[in-house]
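Asks: Listed below are the residues making up each chain.
Protein chains: 4
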Amino acid sequence: MTKDELLRLTNEVLQDALEEDQYVLELILTGLKKKQYHEKNSYINAILHAEGEFKNGQFTIKIPNTPIIQNALTIVHGGITATLLDSAMGGLVHHILPPDKTVVTSEMKINYVAPGVGKELVCTTDIIHKGNKTVVTEGRVYRDDGTLIAHSTASFFIINRS
Amino acid sequence: MTKDELLRLTNEVLQDALEEDQYVLELILTGLKKKQYHEKNSYINAILHAEGEFKNGQFTIKIPNTPIIQNALTIVHGGITATLLDSAMGGLVHHILPPDKTVVTSEMKINYVAPGVGKELVCTTDIIHKGNKTVVTEGRVYRDDGTLIAHSTASFFIINRS
Amino acid sequence: MTKDELLRLTNEVLQDALEEDQYVLELILTGLKKKQYHEKNSYINAILHAEGEFKNGQFTIKIPNTPIIQNALTIVHGGITATLLDSAMGGLVHHILPPDKTVVTSEMKINYVAPGVGKELVCTTDIIHKGNKTVVTEGRVYRDDGTLIAHSTASFFIINRS
Amino acid sequence: MTKDELLRLTNEVLQDALEEDQYVLELILTGLKKKQYHEKNSYINAILHAEGEFKNGQFTIKIPNTPIIQNALTIVHGGITATLLDSAMGGLVHHILPPDKTVVTSEMKINYVAPGVGKELVCTTDIIHKGNKTVVTEGRVYRDDGTLIAHSTASFFIINRS
Numbered sequence: 001m002t003k004d005e006l007l008r009l010t011n012e013v014l015q016d017a018l019e020e021d022q023y024v025l026e027l028i029l030t031g032l033k034k035k036q037y038h039e040k041n042s043y044i045n046a047i048l049h050a051e052g053e054f055k056n057g058q059f060t061i062k063i064p065n066t067p068i069i070q071n072a073l074t075i076v077h078g079g080i081t082a083t084l085l086d087s088a089m090g091g092l093v094h095h096i097l098p099p100d101k102t103v104v105t106s107e108m109k110i111n112y113v114a115p116g117v118g119k120e121l122v123c124t125t126d127i128i129h130k131g132n133k134t135v136v137t138e139g140r141v142y143r144d145d146g147t148l149i150a151h152s153t154a155s156f157f158i159i160n161r162s
Numbered sequence: 001m002t003k004d005e006l007l008r009l010t011n012e013v014l015q016d017a018l019e020e021d022q023y024v025l026e027l028i029l030t031g032l033k034k035k036q037y038h039e040k041n042s043y044i045n046a047i048l049h050a051e052g053e054f055k056n057g058q059f060t061i062k063i064p065n066t067p068i069i070q071n072a073l074t075i076v077h078g079g080i081t082a083t084l085l086d087s088a089m090g091g092l093v094h095h096i097l098p099p100d101k102t103v104v105t106s107e108m109k110i111n112y113v114a115p116g117v118g119k120e121l122v123c124t125t126d127i128i129h130k131g132n133k134t135v136v137t138e139g140r141v142y143r144d145d146g147t148l149i150a151h152s153t154a155s156f157f158i159i160n161r162s
Numbered sequence: 001m002t003k004d005e006l007l008r009l010t011n012e013v014l015q016d017a018l019e020e021d022q023y024v025l026e027l028i029l030t031g032l033k034k035k036q037y038h039e040k041n042s043y044i045n046a047i048l049h050a051e052g053e054f055k056n057g058q059f060t061i062k063i064p065n066t067p068i069i070q071n072a073l074t075i076v077h078g079g080i081t082a083t084l085l086d087s088a089m090g091g092l093v094h095h096i097l098p099p100d101k102t103v104v105t106s107e108m109k110i111n112y113v114a115p116g117v118g119k120e121l122v123c124t125t126d127i128i129h130k131g132n133k134t135v136v137t138e139g140r141v142y143r144d145d146g147t148l149i150a151h152s153t154a155s156f157f158i159i160n161r162s
Numbered sequence: 001m002t003k004d005e006l007l008r009l010t011n012e013v014l015q016d017a018l019e020e021d022q023y024v025l026e027l028i029l030t031g032l033k034k035k036q037y038h039e040k041n042s043y044i045n046a047i048l049h050a051e052g053e054f055k056n057g058q059f060t061i062k063i064p065n066t067p068i069i070q071n072a073l074t075i076v077h078g079g080i081t082a083t084l085l086d087s088a089m090g091g092l093v094h095h096i097l098p099p100d101k102t103v104v105t106s107e108m109k110i111n112y113v114a115p116g117v118g119k120e121l122v123c124t125t126d127i128i129h130k131g132n133k134t135v136v137t138e139g140r141v142y143r144d145d146g147t148l149i150a151h152s153t154a155s156f157f158i159i160n161r162s
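Chains as they are written, first to last, in full-length UniProt numbering: chain Y, 1 to 162; chain R, 1 to 162; chain U, 1 to 162; chain W, 1 to 162.
It is worth saying that the hints were derived from the structure and are not from the lab. Worth double-checking, as some hints may not be accurate.
Simulated DEER-style distance windows between Cβ atoms [claimed, not checked]: (1) W/E39 <-> U/E19: 32 to 38 Å; (2) W/A114 <-> R/N56: 28 to 34 Å; (3) U/E26 <-> Y/I159: 51 to 57 Å; (4) U/A72 <-> R/L97: 33 to 39 Å; (5) R/K34 <-> Y/D4: 19 to 25 Å; (6) U/P115 <-> Y/N160: 43 to 49 Å; (7) R/P99 <-> Y/D4: 27 to 33 Å; (8) R/I96 <-> W/A114: 51 to 57 Å; (9) U/P115 <-> R/E19: 29 to 35 Å.
Here's a subset of chain W near chain U, in silico, CB distances under 8 Å, partners left out [to be verified]: (10) M1; (11) E19; (12) D21; (13) L29; (14) I44; (15) P64; (16) G78; (17) A114; (18) V117; (19) K119; (20) V122.
Treat the numbers as computed from the prediction; the structure is a model and nothing was measured. Don't be surprised by glycine CBs; every beta carbon is placed ideally from N, CA and C.
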């Protein structure tokens, strides 16, 4: 679509927009701007408004809980919790590897223990084992009231950055 | 933000938009329209343009592979593959339960076996075990060239629909 | 202990032996003989009286359900079900690799779906993915009445046989 | 088999016994005596010479590394590591439940990160989440040199003791 067509489509969407739709569009547009300004390296991270921080050997990612990431029951979609866990555990592994190495996720297991509600989700991460070929990690996702909502372990293959 | 402010923000985003940014905005806006027309029951499914089908005891979901769901290496984000698996396995379980029951995912394990590339991803699903309190399922995600990219097993708790 | 001391200890154990104890000792002694005759390659397989068979691309292992493998509730110990699954999935992978390669289990996940009771357990196996470095497999354990008691997926690293 | 037949069979096994066979028989017979004296509640725990301890909210089990639990490569069988993890995590859960409740394992995932060698294995355990219907736990198995060999998470269903 051309830029004109996109503007027209935005107008159409706004005609019938509920307050929630407007909020979602605001989140998406501000996300896209962050991507354009290279504050985010992927659309998915931009749209999720993920904020990562590496401190004291831990890598943490926070995302606001918004209608974008909720299922039909207004609870955070388990796949988004998985996205947060995969990003945060992968981010931790990147931080402990030399710059010529990167990783791919080889497996991940998640236990969902409480519903994802509240204002934001925070994912904390730890290394379980660092080998020559693989790294095994642990991640936990908390609500802003401190309740654990999910626990995960994952394995990452170390590969050469091409 | 008001509708006027959102239109102005759309204009701003379009100023600096690369072709890819325009494509992403088009996908999001057409997704939001589907949500407004109740063709999709959540923003995440609308933005992913997920298409589900129940046939021969199997529930299948397809999503196009677009820049929205790719990580910085232009490979589908493992969390999105997880989202697809969780949605499809959960969808299958809903189809075999009476209408007064619903489910929550209690655990999910995913093996990632090949990179998510190509035009679309298809997730097929099967029941491993149907109990009184839980259902255990299996899901597989394929590329359009038929390559398996991920395998998953998951458990769902059966709960009363409130 | 010397052979004489071992005979004396056997006598002691038999003094207080219940019928079940005698049955367990019989299973162990006949297992040890199989190990001595090289019919079994490990004590654990000998004691479990595991019988493997490779047929039509599948590797299957059967074990009799005996008091040796039951927990205090006379149900098969989940760890023994795991032992059966690990042995059978690993056995399948060995069958599809060249003779100079072997494997180590890197991860295994098991869903326990019904209690392990009855006369014997049978584990069937399948390949999910065969890569250059890893193989991902699936295993299912059934009772002799056909009920599925456990489902597992596992990953194996391919290594050079030293 | 009668007690006389069992003694004769023991004699036969001892005829051809290697030193290792004698050691294995000693471990089994001393294990069976512990079972007869009700020091162990199952044959498998008796044969493994498992020693559990509950201290500071943690439940720990130690087992000696003996030829009984090793695979053909003289490394501890992954299924025995699973048995140790399942027993220890299940034991921890029993300790935090009221006496009229018990649990069954519903799922377990294990990451194997180093070979099981050395003199003994120690499994430590923690609670990840305690709910009304399920408990999610974490377990780690260490060698006597302090190396982590396996990490596990598991879910247990709480049921009424019959």
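Asks: Mind listing which of the numbered hints don't hold for this structure, in increasing order?
Replies: Result: hints 1, 2, 7, 8, 9, 11, 15, 17, 18, 19 and 20 break, sorted rising.
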